[in-house]
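> Okay, here's what each chain looks like letter by letter:
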Amino acid sequence: MSRTARRLRYVLKRLLQALPIVLAIVVVNFFLLHMAEGDAVDVLAGEAGSATPEYMAELRAKFGLDQPLPVQLLVYLKNVFSFDLGYSFRHEMPVLDLVLDRFVPTLLLMVSTILLAVGFGIVLGLLAATGLNTWRDTLISIFALVTYATPLFWVGLMFIVIFALNLGWFPTSGMKNVAAFNDTWSWANIKDVAHHLVLPTVTLSLFYLALYTRLMRASMLEQAGMDYVTTARAKGLTENRIMFVHVLRNALLPVVTMAGVQVGALIGGSVIVESVFAWPGLGMLAFEALFARDLNLLLGIFLLSALLVVAVNLVVDIIYSSLDPRIEVG
Amino acid sequence: MKITKWISGALTAVTMVAAATAARAEGGTLVMLVQPEPPSLASYLSTSGPIGLMAPKIYEGLLDYDKDLQAVPSLAKSYKVSADGKTVTFNLQKGVKWHDGEPFTSADVQFTVMEVLSKIHPRGPNSFREVESIDTPDEHTAIFNLKNPAPYMLRALSGYESPMAPKHLLEGEDYRSAPLGNKPVGTGPFKFVEWKKGQYIRLDKNEDYWKEGLPKLDRIVGRFIPDASTRTAAMENGEVHYGAYGAIPNIDAVRLREMDSIGVTTDGYGMINPMALIEFDTTEPPFDDPKVRKAVSMALDRQFLIDNIWFGYGQPATSALSSNFGATGLHDAEAANYPSGPNVDEAKKLLKEAGAEDISITLDLIPYGEDWRRAGEYMKQALGDIGIKADLRYEDVPTWLKRIYADYDFDMNVNYFYQLPDPVLGVHRHYGTDQIRQGTHFVNSSRYSNPDLDALLVKGAQEPDAEKRAAIYSDVQKILGDDKPVANLFEMNFLTVYDSSLKDHDTSALGAYGSFSEAYFDK
Numbered sequence: 013m014s015r016t017a018r019r020l021r022y023v024l025k026r027l028l029q030a031l032p033i034v035l036a037i038v039v040v041n042f043f044l045l046h047m048a049e050g051d052a053v054d055v056l057a058g059e060a061g062s063a064t065p066e067y068m069a070e071l072r073a074k075f076g077l078d079q080p081l082p083v084q085l086l087v088y089l090k091n092v093f094s095f096d097l098g099y100s101f102r103h104e105m106p107v108l109d110l111v112l113d114r115f116v117p118t119l120l121l122m123v124s125t126i127l128l129a130v131g132f133g134i135v136l137g138l139l140a141a142t143g144l145n146t147w148r149d150t151l152i153s154i155f156a157l158v159t160y161a162t163p164l165f166w167v168g169l170m171f172i173v174i175f176a177l178n179l180g181w182f183p184t185s186g187m188k189n190v191a192a193f194n195d196t197w198s199w200a201n202i203k204d205v206a207h208h209l210v211l212p213t214v215t216l217s218l219f220y221l222a223l224y225t226r227l228m229r230a231s232m233l234e235q236a237g238m239d240y241v242t243t244a245r246a247k248g249l250t251e252n253r254i255m256f257v258h259v260l261r262n263a264l265l266p267v268v269t270m271a272g273v274q275v276g277a278l279i280g281g282s283v284i285v286e287s288v289f290a291w292p293g294l295g296m297l298a299f300e301a302l303f304a305r306d307l308n309l310l311l312g313i314f315l316l317s318a319l320l321v322v323a324v325n326l327v328v329d330i331i332y333s334s335l336d337p338r339i340e341v342g
Numbered sequence: 003m004k005i006t007k008w009i010s011g012a013l014t015a016v017t018m019v020a021a022a023t024a025a026r027a028e029g030g031t032l033v034m035l036v037q038p039e040p041p042s043l044a045s046y047l048s049t050s051g052p053i054g055l056m057a058p059k060i061y062e063g064l065l066d067y068d069k070d071l072q073a074v075p076s077l078a079k080s081y082k083v084s085a086d087g088k089t090v091t092f093n094l095q096k097g098v099k100w101h102d103g104e105p106f107t108s109a110d111v112q113f114t115v116m117e118v119l120s121k122i123h124p125r126g127p128n129s130f131r132e133v134e135s136i137d138t139p140d141e142h143t144a145i146f147n148l149k150n151p152a153p154y155m156l157r158a159l160s161g162y163e164s165p166m167a168p169k170h171l172l173e174g175e176d177y178r179s180a181p182l183g184n185k186p187v188g189t190g191p192f193k194f195v196e197w198k199k200g201q202y203i204r205l206d207k208n209e210d211y212w213k214e215g216l217p218k219l220d221r222i223v224g225r226f227i228p229d230a231s232t233r234t235a236a237m238e239n240g241e242v243h244y245g246a247y248g249a250i251p252n253i254d255a256v257r258l259r260e261m262d263s264i265g266v267t268t269d270g271y272g273m274i275n276p277m278a279l280i281e282f283d284t285t286e287p288p289f290d291d292p293k294v295r296k297a298v299s300m301a302l303d304r305q306f307l308i309d310n311i312w313f314g315y316g317q318p319a320t321s322a323l324s325s326n327f328g329a330t331g332l333h334d335a336e337a338a339n340y341p342s343g344p345n346v347d348e349a350k351k352l353l354k355e356a357g358a359e360d361i362s363i364t365l366d367l368i369p370y371g372e373d374w375r376r377a378g379e380y381m382k383q384a385l386g387d388i389g390i391k392a393d394l395r396y397e398d399v400p401t402w403l404k405r406i407y408a409d410y411d412f413d414m415n416v417n418y419f420y421q422l423p424d425p426v427l428g429v430h431r432h433y434g435t436d437q438i439r440q441g442t443h444f445v446n447s448s449r450y451s452n453p454d455l456d457a458l459l460v461k462g463a464q465e466p467d468a469e470k471r472a473a474i475y476s477d478v479q480k481i482l483g484d485d486k487p488v489a490n491l492f493e494m495n496f497l498t499v500y501d502s503s504l505k506d507h508d509t510s511a512l513g514a515y516g517s518f519s520e521a522y523f524d525k
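Line order of the protein sequences matches chains H and A. Going letter by letter, the first sequence gives residues 13 to 342 in the numbering used here. Going letter by letter, the second sequence gives residues 3 to 525 in the numbering used here.
In short, the hints are calculated from the structure, not lab data. Ideal Cβ positions, reconstructed from N, Cα and C, are used throughout, including at glycine. A hint or two may mislead.
DSS-like, lysine-lysine: derived pairs with alpha carbons at most 30 Å apart [said to hold, decoys possible]: (1) Lys404/A to Lys74/H; (2) Lys480/A to Lys461/A; (3) Lys203/H to Lys198/A; (4) Lys203/H to Lys199/A; (5) Lys90/H to Lys199/A; (6) Lys203/H to Lys207/A; (7) Lys198/A to Lys74/H; (8) Lys203/H to Lys525/A; (9) Lys69/A to Lys461/A.
Listed next, the stretches of chain A that the computed footprint assigns to chain H, with coverage defined by at least 3 CB atoms under 8 Å from CB atoms of chain H [as the list claims (entries may be wrong)]: (10) 187 to 201; (11) 435 to 446.
One side of the interface only, derived from the structure: several residues of chain A facing chain H at Cβ under 10 Å [what the hints assert, rightly or not]: (12) Glu39; (13) Ser42; (14) Ser48; (15) Thr49; (16) Ile122; (17) Ser179; (18) Arg225; (19) Phe226; (20) Ala235; (21) Ala236; (22) Asp398; (23) Val399; (24) Trp402.
Please model the complete structure; the sequences and the hints are all you need to start from.
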């Protein structure tokens, strides 16, 4: 069997395996969310100030909340299998529209964060490993430890105080200047969004940066003790060549795997960074949906996140086997 | 030659700068904090706070109210109440158009009040309960025919409380899910343009507004910023110009008020009258005994709560009614039967008489922010001093609402109620036997029932004579002071924090829930 055919078979097999996983996720989420006290009608009526019991019963009937749970689940599953994620009664909008609308800001934040964190993580880890036990290594390790241990919301607020309030370099929050209303694809708008993106990205990156730095450092050190390094040294290669060509390439593998897994996790958005910087991503949407008991919306977000994690994991496995020919799929 | 050119260039620059400044005084974009993001903009079916911030810029009511809480014309040019109080005639403004160009007429008034507000608005069925029918002899006259006199109704006609909705866009639709809810069309100074979920709502100036020369602003943008500290930073940085109803927490507001560029006011809440209070479960021991309820009320130091948790913003409650009702003579200072300070010995004595020493209860806290948690921690201590062991419970909003108003599964609950511009609108719902409505939020969850009081409440609602009405409410306050099914804590002062170059945002008694048609930047 050719390599391509084998790979295709593998992908199909993995997709088939994913089906029951996703189904189980939907069912478990469904029951988990329904265990919470109160429902969307309670929240809507509570916010409105007061409402008659008749009105609330009417709303429950309209939302389908008066049906027994198993019936509600079946209806939901039926909709999902016809690619309909349902309707958010709170927003009076289809769930899919809401989620897609928030997906772009989330993607922006996620991609820039991963790039920044992985890029700097690799460089810092490399610097630490090549200068093992020198002041450079100590400094980088301390930096990684401190950023990893500092709460994100505190970092975010401190950045706002320093860079927005005191220095005035960046806006405090939001995704664009709301007084301007530039056209979406105009240069002014792109610059504006990029300007707003800096602080949330740096804040969120700091946390992941620490992770990649430590991973990269450990991975470099592990590879440096391998037999092939001794062989290379015996061949008379320079230390630089051994470090940057042989060790570095091998040390990158775990970092790439980790990055792949985290892409999936980051798609769910970061509630903390999004709420501190008022970034209109999926994390905030999910958070608000929970407190509004907007279960259709919440289930939709969970389902999409689950699908993406499954897909990204599959892609990572395939990339992994391309990077390292010793790893076979199948 | 060169010099003249330079001079003329400089002159042009000066005129341009002058023109720019003039343009800024008239116009500009006001960015206001709206928190949390509203579920819709359908103010005709929800009185939710964030809707109240945005919708009154779009929709208008028949009347507005000035700073002294007196009625002033809005969509109604004038009104006349008949001698028996049972007919109210409104003369409507001429030449008013909906934002889509259709004319506003008396048919819209009739439809909005009879079909929408009286039926699906949370408070409308109460405000308009005496309205039997509305006659529309011509396009600019609406005659309300009442079953009984309803003096309080004339205080519930603002653009926030009773917004006039377009008949041509709602009729035949399901009012609750009509597209109008997310894309409002009103008669007000600002038109709805765009709602970017998770970010902002944008309203632009209504060029065809019926009030000559208004509005002064070009645009109002409502921004959603979930984190309170970030809201404060955005205000400090000048990115937003206005935040009301606690958008900026008191702890930050007391810092910001020292800045020249920022103003802080407690004005603009006179029609809302928020009152912090404790609801008791009066059907079960230990709180079925008025003595125990009184003891709790007596144990608490109201001024301590105000000074230490709300940074001095608030006044201790003196009776069941807010002292703001003094403006209409309904608050009886003589019936001020609430303790001015804590009296531990007296409270202990009451508990002893009631045979309720060393009891354990659960204290539920309204889940609307950290201040209430801190208040709960104080109360736990204060109650401990008189021998009541209180466990605090702080849940999320849906769980809490269900517990208090649907399941009645509580001992005592800290809450706050809007007493609104008239007791009939905001206070009756707490005490009337007809207000024991399981499953309905913010009504008589104490399940207090007293036929004497019920009779007084009915009389109070219908009495057109101001003096007689004051006497009735004086009795109401006496009964409630003795029985205390609800122990009022303090009259809350919400804070509005604003950019000090923003002027005339506070011309209406509605404050942040006003139309902002006269607001402008003076830079």
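> For each hint, tell me whether it holds in the structure or not.
Verification of the hints:
no., hint, result
1, Lys404/A to Lys74/H, "holds (19 Å)"
2, Lys480/A to Lys461/A, "holds (16 Å)"
3, Lys203/H to Lys198/A, "holds (19 Å)"
4, Lys203/H to Lys199/A, "holds (21 Å)"
5, Lys90/H to Lys199/A, "holds (28 Å)"
6, Lys203/H to Lys207/A, "holds (27 Å)"
7, Lys198/A to Lys74/H, "holds (26 Å)"
8, Lys203/H to Lys525/A, "holds (28 Å)"
9, Lys69/A to Lys461/A, "holds (29 Å)"
10, 187 to 201, "holds (count 4)"
11, 435 to 446, "holds (count 7)"
12, Glu39, "holds (7 Å)"
13, Ser42, "holds (6 Å)"
14, Ser48, "holds (4 Å)"
15, Thr49, "holds (4 Å)"
16, Ile122, "holds (7 Å)"
17, Ser179, "holds (6 Å)"
18, Arg225, "holds (6 Å)"
19, Phe226, "holds (7 Å)"
20, Ala235, "holds (4 Å)"
21, Ala236, "holds (5 Å)"
22, Asp398, "holds (6 Å)"
23, Val399, "holds (6 Å)"
24, Trp402, "holds (8 Å)"
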